[in-house]
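Q: For reference, the chains in residue letters:
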Amino acid sequence: MFATSHILRGALGVSLACLVTAASAQVAYDPMRAAPNPLMPLTPMQPATTDSATPESASAEVLPNPDFGNLPDAEGVEETFYQCVACHSTAIILQQRLTDERWDYLWTWMIEDQGMYEPEDEIRDEILTYLKTHFSSER
Amino acid sequence: MTDSITPETDIEIAEKPARRSFLKTTALGALGAYVGMNIPFAENLKAFAQGMNEEDIMAGKPDLILLGDRPLNAETPAHLLDDEVTPYERFFVRNNGGVPDTALNMDAEGWTLTIDGEVETPLVLTLDDLKNNFEVITRRLVIECGGNGRAYFNPGASGNQWTTGAVGCAEWTGVRLSDVLNAAGIKDTAVYTAHYSNDPHLSGDPERDAISRGVPIEKALAEGGMIAWEMNGEPIPAVHGFPLRVINPGYPGSTSQKFLTRIWVRDQVHDGAKMTGYSYRMPAYPVAPGTEVPEEDMVIMTDMPVKSLITFPQSGTQAPAGAATEVRGHAWSGSGDIASVDVSIDFGATWIPAELEPAVNKFAWQRFRANVTLPEAGYYEVWARATDMTGEAQPPVVPGWNPRGYGNNMQHRIALIAT
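Going down the list, the sequences are from chains H and F.
Those letters in the first sequence? Residues 1 to 139, per UniProt numbering, in order.
Those letters in the second sequence? Residues 1 to 419, per UniProt numbering, in order.
Extracted from the complex, chain H is given alone in its bound form (with noise of 0.2 Å):
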């Protein structure tokens, strides 16, 4: 049944050209589907590095890497991965794309009211500019 309904997201994901063909094949089509649900497993319907809709798109040559919560292998993956995962999985990281203050925010936020540790500076820096380019409403 879990595999069914990834099945049936996957199909969520197809873009309106699809169209014809997705209802000639009774797969249902929602106007109302929103970004494609990072935890579901790429399918070749809804490849992720050309999904305009998918975080990755600010960098297209970016892949999950699966070591690290299928976060986007580049620059700062292993320090973003080891500080998040402390409290939560990267599935929620995986969800947002916001503006580089909300990131700021956050980041406070997490440190003063949910009980973060604070890395070094330099870590710090190197995890928010890995989370603003990746997870961004900006770019």
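Worth double-checking, as some hints may not be accurate.
[To be verified] Distance ranges between label pairs, derived from CB positions:
| no. | chain 1 | residue 1 | chain 2 | residue 2 | range |
| --- | --- | --- | --- | --- | --- |
| 1 | H | 139 | F | 395 | 26 to 36 Å |
| 2 | H | 139 | F | 277 | 47 to 57 Å |
| 3 | H | 129 | F | 277 | 49 to 59 Å |
| 4 | F | 353 | H | 119 | 37 to 47 Å |
| 5 | F | 296 | H | 138 | 21 to 31 Å |
| 6 | F | 303 | H | 86 | 30 to 40 Å |
| 7 | H | 129 | F | 295 | 17 to 27 Å |
[Said to hold, decoys possible] Each computed SDA-like pair below joins lysine to any residue, with the alpha-carbon atoms no more than 25 Å apart:
| no. | chain 1 | residue 1 | chain 2 | residue 2 |
| --- | --- | --- | --- | --- |
| 8 | H | 132 | F | 152 |
| 9 | F | 274 | F | 296 |
| 10 | F | 274 | H | 108 |
| 11 | F | 362 | F | 302 |
| 12 | F | 274 | H | 117 |
| 13 | F | 219 | F | 135 |
| 14 | H | 132 | F | 203 |
| 15 | F | 274 | H | 136 |
| 16 | F | 274 | H | 85 |
[Said to hold, decoys possible] Some chain F residues well away from chain H (every beta-carbon gap over 10 Å; in silico):
| no. | residue |
| --- | --- |
| 17 | 68 |
| 18 | 205 |
| 19 | 267 |
| 20 | 284 |
| 21 | 299 |
| 22 | 302 |
| 23 | 361 |
Hint data in this document are derived by calculation from the structure and do not stem from the laboratory.
Just so you know, even glycine gets a beta-carbon here, dropped at the ideal spot from N, CA and C.
On the provided structure of chain H, position chain F as indicated by the hints.
A: Quick look at chain F alone, frame taken from chain H:
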């Protein structure tokens, strides 16, 4: 916490209360071997939501869309919310912290609820006290996450990217919140409730609350509020707040604290975890998308907006051209009952009144039905628009952008393919 701790190696899975027996096993791994198999105790697996992998967590809710595995968050596709009463299997999950061991083990031994603060007589109530000393009622109440619809804000708003499925209407059994508060005697100095529970904070810090929200005392004393121990005729399942939760229907779901241990009646607006900052708050004035709103200009969300969902047919379904096709769903509002629901098959150019059933009780969702005839073969969308008793209707597009993406009640729409 006085709750008994069950050793990790001794796992008890609560059966249905009518047949109170226990399946015991010696390790989570042994349980994991059962998952996915057709076993007599499959119903009981719902008790487990922690210490297992992603697929095991969702074993009891196989058709939900998983948004996060730690903390556990999952939403329901619209066409799976067609039931009048949302069953456990299709009820969304929104957790701010971990699921406490007491819930995972379905262990309510020694559980008490404290009512204190601005009251004449502080109370410490056992589950039996609640069941025996107050009128027991059953109500269908909508619970909707304040962030349902967040996925449609642009620029994005931080948090789980709920689309339309962070909502459900279950049948809850318990006592009126007002009866319990009045039994303690509310002082004139009472301003706000503050809810506490035993779910662990994500950081593991025992001094932190995963969430502690509340409502204005007027809301807590108003019709609708409950302290519940049953969901759909069974003990509230682990991920929904076993053994006790408060429900404040019409307000964001976060005011319906799970795993409830204490209601502190305060002489000021509560400032617990996720009451302050940007959490469950909206700008005090309209802002352009992406605006950085100063914290002091954010105000606490109260009533959820009027909303509806098309639950049948599933989006993308084929329908015969020139013949009537039934479209149906539910409508609800934080302010109470719905006045009307209209549907459109021409992108909102014209609207058709839907039949609307009355609510079985205040804050239950209401069934709407309409027959639509798609004139010729091709692509159509069905849009639904609910209007509440105050005359407020759902907007066709995402309403006022806000930093955390709350309160999106845009009209729901599905695709129908006429053949």
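Q: Determine for every hint whether it applies to the structure shown.
A: Hints and how they fare:
Look at residue 139 (chain H) against residue 395 (chain F): about 29 Å separates their beta carbons, and that is inside 26 to 36 Å. Taking 47 to 57 Å as the suggested C-beta distance range, the pair residue 139 (chain H) and residue 277 (chain F) does not conform, at roughly 26 Å. At roughly 24 Å, the beta-carbon separation of residue 129 (chain H) and residue 277 (chain F) lies outside the given 49 to 59 Å, and the hint is violated. At roughly 59 Å, the beta carbons of residue 353 (chain F) and residue 119 (chain H) sit outside the given window of 37 to 47 Å.
Restraint check, residue 296 (chain F) to residue 138 (chain H): a C-beta distance of roughly 25 Å satisfies the suggested window 21 to 31 Å. The beta-carbon spacing between residue 303 (chain F) and residue 86 (chain H), approximately 37 Å, falls within the hinted interval of 30 to 40 Å. A hinted range of 17 to 27 Å for the beta carbons of residue 129 (chain H) and residue 295 (chain F) is consistent with their spacing of about 25 Å. In summary, the hint linking residue 132 (chain H) to residue 152 (chain F) is supported, as the alpha carbons are separated by about 20 Å, within the 25 Å threshold.
Between residue 274 (chain F) and residue 296 (chain F) the alpha-carbon distance is near 15 Å, which keeps this suggested pair within the 25 Å criterion. For the proposed pair residue 274 (chain F) and residue 108 (chain H), the alpha carbon gap of about 15 Å is at most 25 Å, so the pair holds. For the hint linking residue 362 (chain F) to residue 302 (chain F), the alpha-carbon distance of about 17 Å falls within 25 Å, and the restraint holds. A distance of roughly 19 Å separates the Cα atoms of residue 274 (chain F) and residue 117 (chain H); the hinted pair therefore holds under the 25 Å criterion.
At most 25 Å may separate the alpha-carbon atoms for a hinted pair to count; residue 219 (chain F) and residue 135 (chain F) meet this at roughly 20 Å. In summary, the hint linking residue 132 (chain H) to residue 203 (chain F) is supported, as the alpha carbons are separated by about 23 Å, within the 25 Å threshold. Note on residue 274 (chain F) and residue 136 (chain H): the hinted pairing holds, with a Cα-Cα distance of about 24 Å set against a maximum of 25 Å. Note on residue 274 (chain F) and residue 85 (chain H): the hinted pairing holds, with a Cα-Cα distance of about 20 Å set against a maximum of 25 Å.
Here residue 68 (chain F) does not stay apart from chain H, with its beta-carbon only about 4 Å from theirs, under the 10 Å limit. A Cβ of chain H approaches the Cβ of residue 205 (chain F) within 10 Å, the least distance being about 5 Å, so the stated non-interface status is violated. With a cut of 10 Å on Cβ distances, residue 267 (chain F) stays outside the contact zone with chain H, its closest approach being about 23 Å. Even its closest Cβ contact with chain H, about 18 Å, leaves residue 284 (chain F) beyond 10 Å, as expected for a residue assigned away from the interface.
With a cut of 10 Å on Cβ distances, residue 299 (chain F) stays outside the contact zone with chain H, its closest approach being about 18 Å. Listed as a non-interface residue, residue 302 (chain F) keeps its Cβ farther than 10 Å from every Cβ of chain H; the least gap is roughly 22 Å. Consistency note on residue 361 (chain F): stated as away from chain H, and its beta-carbon is indeed over 10 Å from all of that chain's, at 29 Å minimum.
Violated hints, in rising order: 2, 3, 4, 17, 18; the structure is consistent with all others.
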